[in-house]
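Asker: Heads up: the sequence lines are chains F and V, in that order. Numbering of the first sequence is given in our numbering, commencing with residue 1 and proceeding in unit increments. Numbering of the second sequence is given in our numbering, commencing with residue 1 and proceeding in unit increments.
Because the hints were derived from the structure by calculation, they are not lab data. A virtual CB, placed ideally from N, CA and C, is assigned to each residue, including glycine. Check the hints yourself; a few may be wrong.
[Said to hold, decoys possible] One-sided excerpt, in silico: chain V residues whose CB lies under 8 Å from chain F:
id, residue
1, Pro14
2, Cys16
3, Met47
[Claimed, not checked] A short, non-exhaustive set of chain V residues, derived as facing chain F with CB atoms under 10 Å:
id, residue
4, Leu37
5, Asp42
6, Leu55
Each chain is listed here by its residues.
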Amino acid sequence: MVRLADLKSGQRFLDVGTGTGGIALEALRRDSNIKVTAVDFTLKMIQVARQGKDGDKISWLQADGQNLPFKEVSFDVVTSGYLIRNVSDPVQAFREQTRVTAPGGKVICLDTAPPPDNFLKPFILLYLKIMIPFLGRLVAGDKNAYDYLQESTRAFKSPEELQKIMTDAGLEKVSHKRLMFGTQVVLKGSRPRDKQA
Amino acid sequence: MPISKELLEVLACPKCKGDLNLTESEDGLICENCQLLYEIKDDIPIMLIDEAKPLN
Numbered sequence: 001m002v003r004l005a006d007l008k009s010g011q012r013f014l015d016v017g018t019g020t021g022g023i024a025l026e027a028l029r030r031d032s033n034i035k036v037t038a039v040d041f042t043l044k045m046i047q048v049a050r051q052g053k054d055g056d057k058i059s060w061l062q063a064d065g066q067n068l069p070f071k072e073v074s075f076d077v078v079t080s081g082y083l084i085r086n087v088s089d090p091v092q093a094f095r096e097q098t099r100v101t102a103p104g105g106k107v108i109c110l111d112t113a114p115p116p117d118n119f120l121k122p123f124i125l126l127y128l129k130i131m132i133p134f135l136g137r138l139v140a141g142d143k144n145a146y147d148y149l150q151e152s153t154r155a156f157k158s159p160e161e162l163q164k165i166m167t168d169a170g171l172e173k174v175s176h177k178r179l180m181f182g183t184q185v186v187l188k189g190s191r192p193r194d195k196q197a
Numbered sequence: 001m002p003i004s005k006e007l008l009e010v011l012a013c014p015k016c017k018g019d020l021n022l023t024e025s026e027d028g029l030i031c032e033n034c035q036l037l038y039e040i041k042d043d044i045p046i047m048l049i050d051e052a053k054p055l056n
């Protein structure tokens, strides 16, 4: 995902809904000359995230993905991972990301996707049905702990729906790529150069 | 890390998207337009509209 951002030295990078900071820290690891800012709705997540390696080189803020605290055109690349499933208004979240991105800059999103309709689908559904309760029991001691992930992965928006949401929010050249047997999807779009979002 | 000059340049009030000023003691950011104070706790600016404190 970070590779798709095609980062260049000196660029300004924002990760929205950073959680434990995985994407932000990986971006900085790939190029220590970029300026990384990361926001999450939950303060505790940020407190964990900034303890990561080189976490002190990132600007961390508590903020709502649907009301970003930045001026227009503040970043060259804006990313989000597993954010859209957690916001009430996905178009508004992408509209905000578009607003703070420079014209020609990129907005990249990673999320889960319902399994594609191919011969693997029954196996993936079986995997989701068996493995997620198993992991829940193993990790959290509760087989129902990750039920929401199973249900939300199966019921979540398709890549095509997400692509439409990003286009509706004012992005152009939106494309997507499925990963991990089609259960994950990375979407990429650009803020148009010739008009304001 | 404490708030850098570069971050201050791009920061805006999440409500009106207007300019913010750092308080003298550098423990908060003020939006004059909305008359709101966004606190900075443990070097982390709390930029949530619902958590902002009215100035008066």
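Asker: For the restraint on Asp42 (chain V), tell me whether the closest CB of chain F is nearer than 10 Å.
Answerer: 7 Å, holds
Asker: So, Met47 (chain V) near chain F? Judge it on the closest CB pair being under 8 Å.
Answerer: Check passed: Cβ of Met47 (chain V) comes within 4 Å of chain F, closer than 8 Å.
Asker: Return the status of the interface hint for Leu37 (chain V): holds when the least beta-carbon distance to chain F is below 10 Å, violated otherwise.
Answerer: 13 Å, violated
Asker: Does Cys16 (chain V) pass the interface check with chain F, least Cβ-Cβ distance below 8 Å?
Answerer: Cys16 (chain V) check fails; min Cβ-Cβ to chain F is 10 Å, beyond 8 Å.
Asker: Does Leu55 (chain V) pass the interface check with chain F, least Cβ-Cβ distance below 10 Å?
Answerer: Result: violated, 17 Å to nearest chain F Cβ.
Asker: Holds or violated: is the Cβ of Pro14 (chain V) closer than 8 Å to a Cβ in chain F?
Answerer: 4 Å, holds
Hint check: violations occur at hints 2, 4 and 6; the rest are consistent with the structure.
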